[in-house]
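**Student:** Order-wise, the sequence lines are chains A and B. Following my numbering, the numbering of the first sequence begins with 1 at its first residue and continues without gaps. Following my numbering, the numbering of the second sequence begins with 1 at its first residue and continues without gaps.
You can trust all of the hints, since none of them are fake.
Simulated pairs of lysine-lysine, BS3-like, Cα-Cα distance not exceeding 30 Å: (1) B/Lys282 / A/Lys123; (2) B/Lys76 / B/Lys27; (3) B/Lys198 / B/Lys237; (4) A/Lys123 / B/Lys275; (5) B/Lys275 / B/Lys76; (6) B/Lys237 / B/Lys29; (7) A/Lys123 / B/Lys76; (8) B/Lys310 / B/Lys198; (9) A/Lys123 / B/Lys167; (10) B/Lys167 / A/Lys156.
These are computed hints drawn from the structure, not numbers from a lab. Note that the coordinates shown come from a computational prediction; the quantities given were computed from them, not determined experimentally.
Chain by chain, the residues run as shown.
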Amino acid sequence: MSEPGYNPSELLICSAARLMADNTTAFVGTGIPMLAAALAQKMHAPNLMTIFEFGGTGAILDDLPIAVGGRRTFHRALAAAGICDVIEAAQRGFVEYGFLGGAQIDPYGNLNSTVIGDHDHPKVRLPGSGGANDVGSQCWQTIAIMRHDRQRFVEKVDFVTTPGYLTGPGAREAAGLPPGTGPFRVVTNLAILGYHPETKRMQLVATQPGISLQQVQEATGFVLEAAGSVSENPEPSAEELHILREQVDREHFYI
Amino acid sequence: MRVIAEGRGPMLQPPDVNAFREWNRRKPKGLVDKRMSEGEAIRRFVHDGDYIGTELYGSVRAPMSLVRELIRQGRKGLRVAGQSVLEIDLLLGASMVTATDFTYIGLELYGVSNVLRREVDSGNLAQIVEWSNAGLAWRFKAAAMGVPFLPMRSMLGTDTFNYSAAKVVECPFTGDPIGLVPALILDAGLIHVHRADKYGNAQIDGISGFAYEMSRACRRLLLSTEQIVDTEVIRAKPDRTIIPYYLVDAVVEAPFGSHPGEMCYDYERDEPAIKEWVEASKTVEGTHAYLDRYVYGLAGHDAYLELIGKQRLAELQAMVPGRGHE
Numbered sequence: 001m002s003e004p005g006y007n008p009s010e011l012l013i014c015s016a017a018r019l020m021a022d023n024t025t026a027f028v029g030t031g032i033p034m035l036a037a038a039l040a041q042k043m044h045a046p047n048l049m050t051i052f053e054f055g056g057t058g059a060i061l062d063d064l065p066i067a068v069g070g071r072r073t074f075h076r077a078l079a080a081a082g083i084c085d086v087i088e089a090a091q092r093g094f095v096e097y098g099f100l101g102g103a104q105i106d107p108y109g110n111l112n113s114t115v116i117g118d119h120d121h122p123k124v125r126l127p128g129s130g131g132a133n134d135v136g137s138q139c140w141q142t143i144a145i146m147r148h149d150r151q152r153f154v155e156k157v158d159f160v161t162t163p164g165y166l167t168g169p170g171a172r173e174a175a176g177l178p179p180g181t182g183p184f185r186v187v188t189n190l191a192i193l194g195y196h197p198e199t200k201r202m203q204l205v206a207t208q209p210g211i212s213l214q215q216v217q218e219a220t221g222f223v224l225e226a227a228g229s230v231s232e233n234p235e236p237s238a239e240e241l242h243i244l245r246e247q248v249d250r251e252h253f254y255i
Numbered sequence: 001m002r003v004i005a006e007g008r009g010p011m012l013q014p015p016d017v018n019a020f021r022e023w024n025r026r027k028p029k030g031l032v033d034k035r036m037s038e039g040e041a042i043r044r045f046v047h048d049g050d051y052i053g054t055e056l057y058g059s060v061r062a063p064m065s066l067v068r069e070l071i072r073q074g075r076k077g078l079r080v081a082g083q084s085v086l087e088i089d090l091l092l093g094a095s096m097v098t099a100t101d102f103t104y105i106g107l108e109l110y111g112v113s114n115v116l117r118r119e120v121d122s123g124n125l126a127q128i129v130e131w132s133n134a135g136l137a138w139r140f141k142a143a144a145m146g147v148p149f150l151p152m153r154s155m156l157g158t159d160t161f162n163y164s165a166a167k168v169v170e171c172p173f174t175g176d177p178i179g180l181v182p183a184l185i186l187d188a189g190l191i192h193v194h195r196a197d198k199y200g201n202a203q204i205d206g207i208s209g210f211a212y213e214m215s216r217a218c219r220r221l222l223l224s225t226e227q228i229v230d231t232e233v234i235r236a237k238p239d240r241t242i243i244p245y246y247l248v249d250a251v252v253e254a255p256f257g258s259h260p261g262e263m264c265y266d267y268e269r270d271e272p273a274i275k276e277w278v279e280a281s282k283t284v285e286g287t288h289a290y291l292d293r294y295v296y297g298l299a300g301h302d303a304y305l306e307l308i309g310k311q312r313l314a315e316l317q318a319m320v321p322g323r324g325h326e
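Assemble the whole structure, with the sequences as input and the hints as a guide.
**Tutor:** As structure tokens, this is what we get:
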């Protein structure tokens, strides 16, 4: 079998970009979501309304943002406001998608970016919530982007930084989170995952090119819900890769 | 209101809005020339044990020259609002922080903060109370409104809430659970702006981050500014004033005050200089060597700019789109 003509980061970016629909509002965080949003704008979603947590709204991502408050997050934007304005817009129901990452994710899509180990005596202290908890609380649908292995996909995260479906059906609403919100997809280097409509546990939607169902399950530290049908996600196209390498990350910050 | 749940985190700074009113009553309301050196500003307005905050963050419009002066003078036992990249990182590197209301301290695309890990491991940073970004910004907003708390729908159901000092109550109007965050009133706030007059009326270009809220949540507010402008510049466009003079205690002129971070429309971030801290901070020795070179070994911001060099600073200006490419 020949080596694929792309690396795992490029696969993640292209897969995430395809989930970004034109004429929607989306919270975009540091790293892969920024690359995916820039790629989506240059492919199928020129009017993807990017929202950055420190106030940039509707930027055109000609230059790849490096920091979530940097000037590139409001380059030729429609508004340059502040953190309260944009998170309050999400709290009022204006933001459709939020993109998230984390060190750990559990079957209900709860994410940990705070500590590995005990909070007060951690094995590893991580950067913390930042805007992640707000995005996971307030956006209608969230999409997590992760590397896929058993250290990251765990039955129980060490710390719930950002809410997924918490402990299962109805838990978000019981906690006071806005009804009808929650995790939508998880994009990994092995698969695209979703959530079972009743149990709210993670299930397979598609495998990445050349990856078997068994490989996905083996890299997951919990049992994935059985899914009706599982498709294969198409490989990154030559056009996607060209735009990603030559336009989106031409300064080679990330890839 | 019935309290349904409470975070276990300690309240590092009580939301005493009456004391805040009394404090603000005593602040001068006249137009007083508040220009001073960064040395004088830090000496007069930031003390051991203070609860401080910085805005915006680390690589963007951050009050780096004031932070470096704070480290140069040294303060013990600071408590900080933990929303930052380089600025709190430097304070942690100098082991000056013992407690934080925390939302994010990291190095963005360069990953986790090395000094944060070390300060947690050593126990120097003894108290970390968790919040979300908006949770912390809304705490400033509550203080800015002069009320002891604000309701919000972030943090609910998570460990971020469990390790905060927030509460969940039954909403007296709807009966649904709603989160409450307490007002956060800073002893001292440090904000870097594009321009201000000598009285402290300030303008910011680009996104405002949480400058509006934080500037109104400070007992003492130290401004550093790229340039000091005539008050007529302020009066010509009063809608551009984000920080009015009466909030401000010190106005420090600091061109390139955000270096190695950026200042939108003025200069770009200095990537190699940021990477230098990322690399240096990986070890204790590297951290100390960095602080010796860029902080302790320099008299002040002028000497810092000299060390960075006029040519490099001009390059960072020329990198701004539409500038310097003629």
